[in-house]
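Required output: the full structure, derived from the provided sequences and hints.
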Amino acid sequence: MTVDNLKTEILTITKMKKYFTIGYRDIFKRRPITVKAVDGISFTVKEGETFGLVGESGSGKSTVAYTTVGMYRPTAGHISFRGQDLFEGKNGRSLSLKKEIQIVFQDPGSSLNPRRSVKQILELPLKIHRRDECRTEQIVRLLEMVELPPDYMYKYPQTLGGGEKQMIAIARALAADPSFVILDEPTSALDVSIQAKIINLLIRLQNEFHLSSLFITHDLSLMRNVASRVAIMYLGKICEVAQTAEFFRNPYHPYTRMLLSSIPVVSEDEEKLKPQKIISTGEIPSPVNVPSGCSFHLRCPRKMDICSQVDPVMIEAEKEHMVRCHLYEQGRQGNNGR
Amino acid sequence: MNSEFLLEINELCVNFDVYGGTLKVLDGVNFTVHRGEKVGLVGETGCGKTTTMKSILRILPMPPARITNGEIYFKGRDILEMPEEKLRQVRSEGVSMIFQDPTAALNPVFTVGQQLEAVVKYSVEGKSLSKKEIRERALIPLREVGLPDPERMLDTYPIQLSGGMRQRICIAMALVASRELLIADEPGTSLDVTIQDQVLRLLHHLVQEKDVSIIFITHTLGVVRETTDRVYVMYAGRMVEVAATKDLFANPLHPYTHGLMDAVPKLTGGGIADGIAGRIPDYLNPPTGCRFHPRCSHAMDICRKEKPAFYNKQGGVSDDHQVACFLYRDGEK
Numbered sequence: 001m002t003v004d005n006l007k008t009e010i011l012t013i014t015k016m017k018k019y020f021t022i023g024y025r026d027i028f029k030r031r032p033i034t035v036k037a038v039d040g041i042s043f044t045v046k047e048g049e050t051f052g053l054v055g056e057s058g059s060g061k062s063t064v065a066y067t068t069v070g071m072y073r074p075t076a077g078h079i080s081f082r083g084q085d086l087f088e089g090k091n092g093r094s095l096s097l098k099k100e101i102q103i104v105f106q107d108p109g110s111s112l113n114p115r116r117s118v119k120q121i122l123e124l125p126l127k128i129h130r131r132d133e134c135r136t137e138q139i140v141r142l143l144e145m146v147e148l149p150p151d152y153m154y155k156y157p158q159t160l161g162g163g164e165k166q167m168i169a170i171a172r173a174l175a176a177d178p179s180f181v182i183l184d185e186p187t188s189a190l191d192v193s194i195q196a197k198i199i200n201l202l203i204r205l206q207n208e209f210h211l212s213s214l215f216i217t218h219d220l221s222l223m224r225n226v227a228s229r230v231a232i233m234y235l236g237k238i239c240e241v242a243q244t245a246e247f248f249r250n251p252y253h254p255y256t257r258m259l260l261s262s263i264p265v266v267s268e269d270e271e272k273l274k275p276q277k278i279i280s281t282g283e284i285p286s287p288v289n290v291p292s293g294c295s296f297h298l299r300c301p302r303k304m305d306i307c308s309q310v311d312p313v314m315i316e317a318e319k320e321h322m323v324r325c326h327l328y329e330q331g332r333q334g335n336n337g338r
Numbered sequence: 339m340n341s342e343f344l345l346e347i348n349e350l351c352v353n354f355d356v357y358g359g360t361l362k363v364l365d366g367v368n369f370t371v372h373r374g375e376k377v378g379l380v381g382e383t384g385c386g387k388t389t390t391m392k393s394i395l396r397i398l399p400m401p402p403a404r405i406t407n408g409e410i411y412f413k414g415r416d417i418l419e420m421p422e423e424k425l426r427q428v429r430s431e432g433v434s435m436i437f438q439d440p441t442a443a444l445n446p447v448f449t450v451g452q453q454l455e456a457v458v459k460y461s462v463e464g465k466s467l468s469k470k471e472i473r474e475r476a477l478i479p480l481r482e483v484g485l486p487d488p489e490r491m492l493d494t495y496p497i498q499l500s501g502g503m504r505q506r507i508c509i510a511m512a513l514v515a516s517r518e519l520l521i522a523d524e525p526g527t528s529l530d531v532t533i534q535d536q537v538l539r540l541l542h543h544l545v546q547e548k549d550v551s552i553i554f555i556t557h558t559l560g561v562v563r564e565t566t567d568r569v570y571v572m573y574a575g576r577m578v579e580v581a582a583t584k585d586l587f588a589n590p591l592h593p594y595t596h597g598l599m600d601a602v603p604k605l606t607g608g609g610i611a612d613g614i615a616g617r618i619p620d621y622l623n624p625p626t627g628c629r630f631h632p633r634c635s636h637a638m639d640i641c642r643k644e645k646p647a648f649y650n651k652q653g654g655v656s657d658d659h660q661v662a663c664f665l666y667r668d669g670e671k
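In order, the protein sequence lines correspond to chains Z and H. All the letters of the first sequence, read from the start, carry residue numbers 1 to 338 under our numbering. All the letters of the second sequence, read from the start, carry residue numbers 339 to 671 under our numbering.
Note that these hints are calculated values from the structure, not bench results. Any given hint could turn out to be false.
[As the list claims (entries may be wrong)] Computed Cβ-Cβ distance ranges for the label pairs, DEER-style: (1) G70/Z <-> H636/H: 44 to 54 Å; (2) S110/Z <-> E419/H: 41 to 51 Å; (3) E147/Z <-> P399/H: 31 to 41 Å; (4) P399/H <-> N113/Z: 49 to 59 Å; (5) T606/H <-> E320/Z: 37 to 47 Å; (6) S292/Z <-> F448/H: 30 to 40 Å; (7) H543/H <-> E320/Z: 33 to 43 Å; (8) G92/Z <-> K548/H: 53 to 63 Å; (9) R115/Z <-> D493/H: 37 to 47 Å; (10) G92/Z <-> H543/H: 45 to 55 Å.
[Claimed, not checked] Heads up, simulated DSSO-like pairs for lysine-lysine below, C-alpha to C-alpha not over 27 Å straight-line: (11) K90/Z <-> K36/Z; (12) K155/Z <-> K127/Z; (13) K90/Z <-> K15/Z; (14) K459/H <-> K155/Z; (15) K469/H <-> K459/H; (16) K155/Z <-> K99/Z; (17) K274/Z <-> K459/H; (18) K127/Z <-> K17/Z; (19) K470/H <-> K272/Z.
From the three backbone atoms N, C-alpha and C, an ideal C-beta is built for every residue, glycine too.
Spelled out as structure tokens, the structure:
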């Protein structure tokens, strides 16, 4: 998957925020307690590319996915798909737009209805989005796409293995013939051997049908192999965005380095790629009480005075390599501690 | 039986009687742990890793489980023959286990303190301790695992803590009495990478300090590489390869080990190999001969008929690189 810079943008997220009210501080419901799940993120996905979104649990990456697919309405900001705002008007988005953006969830065990056969599961998107065609034939074709035999049509999810269930979930997403697929940790519940198979299948399907995708995972080594660009999320904000190769060769943000040095790897070659061991400390704070200033300053090994007061802004440290950290703001550049 | 081992499992077979037949889950497992050694156990989900470990503590639900054959020696004493009273002593002082999911391992309706104190109270020396002493004892491991404000921690409920903190509590619980063998069943799998890194480092540090042996069960090969001395690779109820960690990663022999290694996404990029075709066999009717043969690209006639013995391969860091595969038959001992 090579990236052509001239390619048009398919999905643009601008300053998107999503807050959830989880309770009230007083009985008159005047002072809501809000969780800032996503707090002003912007990125673009280009036609045909796989954009990777990485972060720990609680960083808000799934909220981005669910908002894009239309399960939530953003609190502020815009998401546009091929130039069209996804949340214009009071009513929900049109059927033709829904068809274009589909999602594959993390746990196939709970995203497939146990009381429906595979045929029924795959039939529903066909009924809604492609009314005129012969459905059984379509279902056979979908199963072929994900390398499953046609007789799987009559099986129920509980009789399938984890990998096969995820294949069905992928087939269901493709049934609507989308142009953009969101993959929300599609393999984190699976074994490596099955993960490899699913990832390769996804890459093949993506090339075959010219799909663009938003790939969400917490596994950086997996990201290295699937995404063309990567963004790192921490507490609802993006800290670093870059082309994948560049990103792994030259990580800027201290959090990215901490993540990279925490990955358990299997070979010496990989060991060399990891930044010098940064001892990871602390945990991701609760998004209800986001620390002041840079939200990462409590865990940061290179914290400065300014970090606890002022939230850094996104700057372009190198071409197409954006980072949001005080270390790289004017004058401090060049000293990246490698 | 050999007294140089802390733990020795010989030809362990475990069946599960279920509606419709018998699941032959463990099919002759051999496993040893030396004193002070860090041993890894790798394999796909459902290959019998946890079943093996649960049989060591005799906490398999019986029925449906049934141990049909084999011996488990801990410090030279057969665990399977042990009376309940002796067994309790082993569980309280000898072997303890850290489970994969700390949320499920802790009881949500009791405070952390109540749960930790219960462990102290039912240990061998616990009967003679006063309430205050029990509380003091429960605090010691909490301090060791690096939790902030241990006194307050005793009065919190598990739900008030994050995943990483809960896993630290579980580790603390496993360390309450003096231990000789710690079984860590995927201690970092349900946690984020940075937290997993912290937990693994903590375990590593504690193991060094207290000089206990540890068994790491995991399906993440990277974790094994960084934390263990020796690795067992398990497939469908049998060990298929045993080697010093360095040897295994430098020179994997069994086709299954190869498949696993290739399937791991690498930081160096370059795509992922296609993994291993098929899935773990049905234990109701397991394949004859080598249980891996239906998925193996090197399968020969003999693989379908006979079970491979362990063949020794020399020339690595340690001479003890054994593989259960007919491909290596020529280098017979």
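- Checked against the structure, which of the hints given earlier come out wrong? Violated hints (numbers, rising): 4, 5, 14, 17, 18 and 19; every other hint is consistent with the structure.
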